[in-house]
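There are 2 protein chains.
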Amino acid sequence: MTVTSPPATGILAARAASLDAADPLAPLRSRYLLPEDCVYLDGNSLGALPAAVPAALQDVVQRQWGTDLIRSWNTNDWWQAPLRVGDALGRLIGAAPGRTVAGDSTSVQLHNALTAAARLRPDRRLLVTDPAHFPTDLYAADSVARLHGLEVRLVPARALPAFLDEHGERVAVCSYGPVDYRTGELHDMAGLTQAVQAVGALALWDLCHAAGALPVALDDLGVDLAVGCGYKYLSGGPGAPAFLYVAERHQSSYDPALTGWNGHARPFDMRGSYTPADGMGRARIGTPAVLSLLTLEAALTAFDGVDMHAVRTKNQSLTGFFIDCVDALLDEREFECVTPRDPERRGAQVALRHDDAHSLIEALAERGVIGDMRAPNLLRFGFNSLYVSHRDALTAVRTLRDVVAQGAHRRERMRHTAAAT
Amino acid sequence: MTVTSPPATGILAARAASLDAADPLAPLRSRYLLPEDCVYLDGNSLGALPAAVPAALQDVVQRQWGTDLIRSWNTNDWWQAPLRVGDALGRLIGAAPGRTVAGDSTSVQLHNALTAAARLRPDRRLLVTDPAHFPTDLYAADSVARLHGLEVRLVPARALPAFLDEHGERVAVCSYGPVDYRTGELHDMAGLTQAVQAVGALALWDLCHAAGALPVALDDLGVDLAVGCGYKYLSGGPGAPAFLYVAERHQSSYDPALTGWNGHARPFDMRGSYTPADGMGRARIGTPAVLSLLTLEAALTAFDGVDMHAVRTKNQSLTGFFIDCVDALLDEREFECVTPRDPERRGAQVALRHDDAHSLIEALAERGVIGDMRAPNLLRFGFNSLYVSHRDALTAVRTLRDVVAQGAHRRERMRHTAAAT
Chain E
7 MTVTSPPATG ILAARAASLD AADPLAPLRS RYLLPEDCVY LDGNSLGALP
57 AAVPAALQDV VQRQWGTDLI RSWNTNDWWQ APLRVGDALG RLIGAAPGRT
107 VAGDSTSVQL HNALTAAARL RPDRRLLVTD PAHFPTDLYA ADSVARLHGL
157 EVRLVPARAL PAFLDEHGER VAVCSYGPVD YRTGELHDMA GLTQAVQAVG
207 ALALWDLCHA AGALPVALDD LGVDLAVGCG YKYLSGGPGA PAFLYVAERH
257 QSSYDPALTG WNGHARPFDM RGSYTPADGM GRARIGTPAV LSLLTLEAAL
307 TAFDGVDMHA VRTKNQSLTG FFIDCVDALL DEREFECVTP RDPERRGAQV
357 ALRHDDAHSL IEALAERGVI GDMRAPNLLR FGFNSLYVSH RDALTAVRTL
407 RDVVAQGAHR RERMRHTAAA T
Chain V
7 MTVTSPPATG ILAARAASLD AADPLAPLRS RYLLPEDCVY LDGNSLGALP
57 AAVPAALQDV VQRQWGTDLI RSWNTNDWWQ APLRVGDALG RLIGAAPGRT
107 VAGDSTSVQL HNALTAAARL RPDRRLLVTD PAHFPTDLYA ADSVARLHGL
157 EVRLVPARAL PAFLDEHGER VAVCSYGPVD YRTGELHDMA GLTQAVQAVG
207 ALALWDLCHA AGALPVALDD LGVDLAVGCG YKYLSGGPGA PAFLYVAERH
257 QSSYDPALTG WNGHARPFDM RGSYTPADGM GRARIGTPAV LSLLTLEAAL
307 TAFDGVDMHA VRTKNQSLTG FFIDCVDALL DEREFECVTP RDPERRGAQV
357 ALRHDDAHSL IEALAERGVI GDMRAPNLLR FGFNSLYVSH RDALTAVRTL
407 RDVVAQGAHR RERMRHTAAA T
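For the protein sequence lines, the chains are E and V, in the order given.
Residues in the first sequence are numbered from 7 upward in steps of one, following my numbering.
Residues in the second sequence are numbered from 7 upward in steps of one, following my numbering.
Simulated from the structure, these hints should not be mistaken for laboratory data.
Quick reminder that beta carbons are idealized off the backbone N, C-alpha and C, glycines included.
Don't take every hint at face value.
To be verified - Going by beta-carbon spacing under 10 Å, a handful of chain E positions derived as facing chain V: (1) Val-59; (2) Gln-68; (3) His-154; (4) Arg-188; (5) Pro-382.
To be verified - Coverage of chain E stretches by chain V, computed from C-beta distances (three or more under 8 Å per stretch; other residues unrestricted): (6) 77–87; (7) 107–114; (8) 255–267; (9) 284–297.
Work the whole structure out from these sequences, hints included.
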């Protein structure tokens with residue numbers, strides 16, 4: 007439909023109000039400091055600032071660093087922070103304590119996890135990953151394959167079971183994400199993990215777009231290895247520490263590429279030869295970025311008492327309502343929804359295809375609606391259940407409709423073209 | 007001498023006052039927020055809090071993250087921060103812009119630098135390093151050697167030239183630090199670099215104990231690769247980002263183990279295959295820990311207008327005066343100074359050997375004098391020229407004398423023994 011009648015908007019507004027009024031998670035928005043009049047649908051790229059962070063970080067800087075100085079490694083227990091924050095993350099991804107470490111970047115953790123996987127399956131030469139995986143995942147796969155003489159095979163998630171039927175015995179590790187970072191399509195994490203392990207390979211999951219958005223069950227699914235970042239749905243701050251999960255059964259043989267003094271069994275003996283710590287402590291590498299790590303720790307308190315199933319129910323509702331608004335208010339010949347309409351088959355984001363994606367996202371931002379775009383032509387909107395409302399979803403689509411109606415994105419594009427010449 | 011006469015202390019106090027009065031760097035202490043009545047001689051482990059940090063970090067958190075949100079990658083130029091902060095670090099280590107990147111931990115940077123070195127010298131099988139090197143340097147050497155089929159040879163710095171005479175043609179890279187982290191002994195960085203390169207090997211220097219303390223001249227010495235941390239003399243905060251220097255001549259062939267999406271030539275094209283950025287940009291890895299990185303950037307402003315030669319002159323004076331105080335006030339049969347007495351042969355720290363090192367350091371801390379110990383028996387004191395005074399040096403040694411005289415360290419030891427049983 008190209009003509010949008012005011013009644014349609016009114017009906018959607020009433021529905022949004024009703025859904026928000028019935029939303030048990032609505033009060034959680036007060037746990038975040040969002041700018042006034044801002045509809046923030048980019049929490050899948052950088053999560054909003056949790057209200058607990060500023061005071062916590064001020065304490066870390068002024069008292070812990072400034073006053074307690076070096077003693078803080080003990081008195082404020084900086085030393086255990088990577089494992090302590092790891093356990094706090096573990097609660098959100100179905101990992102029992104002692105199976106998750108926080109620190110470094112996803113790229114670094116991926117490199118170590120893939121290396122460890124290759125070493126756990128030394129007689130298998132294939133490293134299988136998703137051609138649509140996030141770039142860093144693919145680069146890490148290439149690097150580790152090069153170092154270990156492995157062969158990378160790019161297999162879409164839906165084709166993985168058939169691939170494993172044929173080549174499974176040669177596969178060391180399968181590296182996938184449960185949510186496609188562009189389209190939001192959800193893959194069958196349980197089924198794929200089972201298929202991978204049925205052929206004796208290891209399942210490595212990148213949870214960047216799942217942690218804090220979906221009820222991940224690493225222990226229950228028997229996942230071998232997982233990584234993820236702290237700055238998307240977990241709102242740990244820009245470039246927040248990543249995390250690594252290692253199944254308990256693999257910990258004693260976890261043998262990564264990068265070994266640092268923090269992973270040593272007796273780090274302060276300052277021994278020249280590396281003896282890994284027992285348990286998950288061996289997954290530590292160098293000195294952790296304490297300010298970023300303790301910011302993430304404070305940020306995670308926003309999830310205190312929050313049921314991840316309720317988070318999931320709400321983002322299914324938010325994304326579904328957003329798609330309904332798109333159907334009602336936007337011209338389907340202009341905007342193609344590339345995210346699955348079945349709520350069980352999508353994560354917490356919706357992507358729309360439009361040739362002017364870049365200009366549209368910029369025009370939206372000028373009007374206080376923040377999404378992002380992924381080249382070449384996707385508008386991407388993320389829905390964090392802890393601070394996004396159905397009203398926000400409607401406002402975003404209404405604003406998008408107005409931008410198109412006013413031709414604002416075309417002026418935006420011309421402005422850019424002019425600036426570039 | 008076992009008995010200390012009050013006049014000796016009086017003479018030392020007068021000398022401290024005179025040295026401090028003539029110290030051109032004395033006003034820099036106001037650039038740091040130190041607790042009252044604290045003598046902080048552990049800035050070689052965790053630098054004190056720079057006064058510029060709290061406000062800068064609050065702006066990063068509240069305005070850049072909280073309000074500008076995802077747009078800060080552009081509007082607050084988070085995207086260029088690793089190279090921008092790298093250049094700011096470069097000014098302190100004799101590196102022209104475009105040769106230094108800030109980010110990740112020293113362990114991670116070491117791993118990448120050693121891998122890149124091995125790949126630059128593919129026909130050479132020896133990786134040579136110092137048996138007294140910091141543990142993480144040794145673990146990284148072992149890891150990289152294992153991955154590349156190299157052999158690690160442990161050769162003390164003073165024996166390196168002779169070793170190179172004999173085996174030089176087989177050496178890919180020599181990995182050393184200019185300052186022994188335990189004893190403070192200074193190695194001849196210029197001479198060793200020349201000796202290493204004379205046989206066609208690469209010189210990799212770990213500057214953790216040099217950056218911010220010594221006038222390092224990476225470009226002038228023609229050093230191939232260097233790494234270092236941001237949290238010691240640079241006072242970038244606990245676990246502050248590390249840095250990596252790559253000589254301009256090696257940048258186009260810099261080929262590290264860990265490649266992340268931030269090092270890609272066109273990261274936002276989100277390509278599946280890795281094409282490294284031109285220049286130092288390729289030494290980026292994953293998404294940087296922005297809060298820690300911008301804290302380091304603010305911390306480095308404490309060095310604005312500071313001449314590193316003046317920093318060096320002052321810490322030679324501080325360490326020399328400290329050793330004089332030790333000679334005058336402590337019993338040489340109890341305390342052995344293991345740091346070279348020649349000021350040209352030591353860095354910015356002094357280490358004393360004593361069997362009760364642990365208890366002594368704890369007793370000192372209770373009296374407001376913060377140093378640290380390195381197992382099994384070294385008391386270690388670091389002198390940051392930007393905030394330590396000669397008076398501090400004297401106070402430390404006087405307090406140490408008093409602790410010994412009162413037997414406080416023996417009570418401390420007994421308390422620990424009792425607590426442990």
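| task | Could you work out which earlier hints the structure fails to respect and list their numbers in ascending sequence? | result | Of the numbered hints given earlier, the structure breaks none, since each of them holds.
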